[in-house]
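For the record, the sequence lines run as chains W and B. Under numbering that gives the first Met the number 0, the residues of the first sequence are numbered 0 to 282, in order. Under numbering that gives the first Met the number 0, the residues of the second sequence are numbered 0 to 241, in order.
Simulated from the structure, these hints should not be mistaken for lab results. Keep in mind the model is a prediction, meaning the values are calculated, not measured. Take these hints with a grain of salt, some might be off.
[To be verified] Once the Cα atoms are required to be at most 25 Å apart in a straight line, the calculated DSS-like pairs of lysine-lysine come out as:
1) W:Lys-41 with B:Lys-48
2) W:Lys-170 with W:Lys-60
3) B:Lys-67 with B:Lys-90
4) W:Lys-79 with W:Lys-62
5) W:Lys-277 with B:Lys-66
6) B:Lys-124 with B:Lys-103
7) W:Lys-277 with W:Lys-106
8) B:Lys-237 with B:Lys-128
9) B:Lys-238 with B:Lys-86
10) W:Lys-135 with B:Lys-77
11) W:Lys-84 with W:Lys-105
12) W:Lys-279 with B:Lys-66
13) B:Lys-151 with B:Lys-203
14) B:Lys-203 with B:Lys-157
15) B:Lys-151 with B:Lys-26
16) B:Lys-209 with B:Lys-128
17) B:Lys-116 with B:Lys-151
18) W:Lys-148 with W:Lys-41
19) B:Lys-90 with B:Lys-209
20) W:Lys-277 with B:Lys-67
21) B:Lys-69 with B:Lys-128
22) B:Lys-226 with B:Lys-166
23) B:Lys-26 with B:Lys-8
24) W:Lys-277 with B:Lys-238
25) B:Lys-103 with B:Lys-8
26) B:Lys-72 with W:Lys-279
27) W:Lys-106 with W:Lys-170
28) B:Lys-8 with W:Lys-279
29) W:Lys-135 with B:Lys-166
30) B:Lys-66 with B:Lys-77
31) W:Lys-135 with B:Lys-203
32) B:Lys-67 with W:Lys-279
33) W:Lys-94 with W:Lys-41
34) W:Lys-279 with B:Lys-69
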Amino acid sequence: MIEILNPGWYTSIQDQGRMGMQEYGIPYSGAMDMNSFNWANKLLNNPLNAALLEMTIKGPKLKFHIETVIVFTGAQMDIKHNGNKASLYSPILIKKNDILECGSCKKGCRTYMSVLGGLQTERILRSRSQCSYITKSGHINKKRILQIKKKSFELNKGVTLKSPLPPYNRKEIEVFKGPEFDSLESVTQLKIVTQTFTISHLNNRMAYQLEEKIIHQLPEIWTTSVLPGTVQLTPNGTLIVLMRDAQVTGGYPRILQLSNHALNILAQKSTRDVLHFKLKSFE
Amino acid sequence: MFQEKSFLKIFQFSETSILLEWKAEPKLKLLNELVVFKGLLNSNLCGIKQITLSYKSLLLQFNDPLKKYKNLKDRILKLYSSFDSSKTTIKSKHWNIPICYESKYASDLRVLSKHLKLSHHQLIKLHTKPIYQIYFIGFLPGFLYLEGLDTKLYHPRKESPTLNVSKGAVGIGGRQTGIYPNQSPGGWNIIGTSPTLMFDPDLKQPCFAKSGDTLSFYSISETTFKKIRENRIPPNFKKLIL
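Chain B with its partners taken away, still in its complex shape (with noise of 0.2 Å):
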């Protein structure tokens, strides 16, 4: 009865979840309507247990075992099809996380400066400038996928991954920036460290931020730095509604 869209493609992924993918470039309108989306679906499919967004596809996880997967994929169609993102609003907050760039917290700003031919001072300012777009955790709990760096700082990966990237170091990585929010083996470049607590396993809601906030960065000092992790001080954020 309704036909799959040719931007989105609906596939039954394992026993209990389905997945939905997007054909389109993952950019700022295909993430809100991602986020759109997933709500309305949380709020009109039954025996959903959790709905999980990356950037071109949300996956669906169901309670039980899929019985009837046909008539479920003509609901999930007719809800896309009736529905329009750019109506929605919505409230998603910007945060602003602190980062300290001094040489101690930034093994590889020397280095990196060099293969880009930047100052310390000009790396610093492309990398705070921007308002990154955050699409989802993943990769490590409390890792965030953030979008918009700025094409002056892309620089591939290292060759050989680093065995321990310490907790809160903030890597450049091919187009990417990211904050490592434990300690971890990884291959980014690393070029400050940020204070904040990226990952509380002690808060109901470990993580912060969510999927279609927005963040930046600012330089801070050592000193700031220090005050701001021994005491856990949380990030300050502006509410945004879209």
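Looking at chain W on its own, in the form it has when it is part of the complex (with noise of 0.2 Å):
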């Protein structure tokens, strides 16, 4: 087992989520960088649905009470393994009473520690994905125990252990029309398309919210589905890219939608981060 001696700014723990859920209003939830996600899997052979640490702005501080096998992925991030700096994407072999220190994410926000088979903690409906609501916590606190499997580890010879780091700095968000943006006038459409947006300090697992205002005359629509990656256009103007702890229904104009891989870029990008949209279709 794992004990969270510190929990640090915001981690908790995250799985593919629960896809499938939604018509009884249940968030998709899931690691936020999906990409990132799949690596720190995939280096530990890993099942895909795995359930590990998304550690937020700054990391834990744990010690283990068991073997094990661990990896980090994602933002970059000073690791202590028992006071030696340690390395992301490669795998990190645990003695029991290890004690694993994680500094601040730099160039990104989110970094993910994979335990080898996975984090062992409750599923509830059909997913380990902490979230308000569903969980008892959307994250984990301090002194909390996390049980893993007792597994033996074969190196994922497959896997290039050297895997490129996702393009954390590009400004580029890659987005396709909402179902509202034609209506939009095609000043207002051409302004959200080439201007330059800022994350707003209002920016966590459910949505983030950007600084710029865009002024439209859209009149709010019947609620409606919404997803991870739909941009909303609210009445005063604000923009907000739904995440992936988000509601599953909305009632604000649906103007944009990012693609998965925009979704990820974005979830490594934090408060006063710019960006832009690039529109694209889908053929």
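Hints are included, so try docking the two chains, each in its own frame, into the full complex.
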């Protein structure tokens, strides 16, 4: 088992989430940056949906009470394994009583730590992902004990360990037209796809608000389905990008939809980072 | 080959999903059509992960990125042109949901009845009389979108939301009424509280109701409220075949 000595800034257990449960109003959840999530499990030969830790801004301090192997992916972070520097994207052998101290994220804001066999925490409604209203807490707390499997490790030989880092510095966010995009005036459309936007301090696993306002005349719409990556435009002109823990329905016009890839890139951006939307079509 | 009907718009929404949107008003006829058509799509299209329903639309999500969107769109239109919702029976349920309207459980009842120029008794009567239609679940896990509020009870949301609306609180906001399944921030005027568990993550089906079901409220005392909440008594229902 793994003991949480200090939970860090915001650390939560995540897997691929609760896809298929949305008719009950349940958020999708799952790792914010699925690309880094997948790498973390691939490098340990874990099942695709194995649960891991998603660390935001600053990582936790952990004590291991079992031998295991772990891997870090995602945002760069200073990691001390029993006081010695450890690196991302390569398996770290852990012995009983080892201490792991995670620092702050650099170049990106979410770092992932997978464990051999995946975290064996409680599964609720098809997933181990923590989420308010579904699991007891939306994140891990101090002193929490995480169970893991005792398992032997074989290096995943088919996988290149030196994987390229995701393009966290990229400002371009690939989007498709949302259902209400064509109802905007063409000057407004042009403005949205050409101007630079800044991520406001209101950004979390549910949604990212952008600072620059877009004045428009769109009416509110009948409450309808939304997805992670849907960009809503509120009556006062604020753009809200819905993220993995967002509500599954909404009444604001849906002007854009991020590509899956763009959603992962955005998940590594944080307050005051800038971006611009690049319109793409499906064909 | 199949012309897009003026009242149905088909739209690729994301790499793995298609949105069907109706131009009709969201009335009972459309809801029934959506419920039946959803079932038809689920049994006739391959690779569907889930279909979610809202007032005027269906969102179809697929397992894999869509490669042949054009074919899929034609297939959906073909299915739509050949189906007749009035010939299909819908199995649904009518739920009876208890509410305690006593002042301790109804923080805004006094102010609201003053605004609406109704006595407490009249307000409760107007709220418990209708048969509400359940459209879909959204906003929060287990939050039911209901239609059927008496026009005499229409009242705008509060100007600033309350930070902690309690679990089970029953509110009126604009033309809508609903039950908060969990403690959360909210802007509706609270006129009562239901002891019924609207969402239970420990159950395989975490919310008892579904799109197309109906619901009505009945008034209970504080004693009954406590009994139902403590024993987690599920609501009673009647089976309906339409």
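Exercise for the section: Check each numbered hint against the structure and report the violated ones by number, ascending. Expected result: 2, 3, 10, 13, 14, 21, 24, 25
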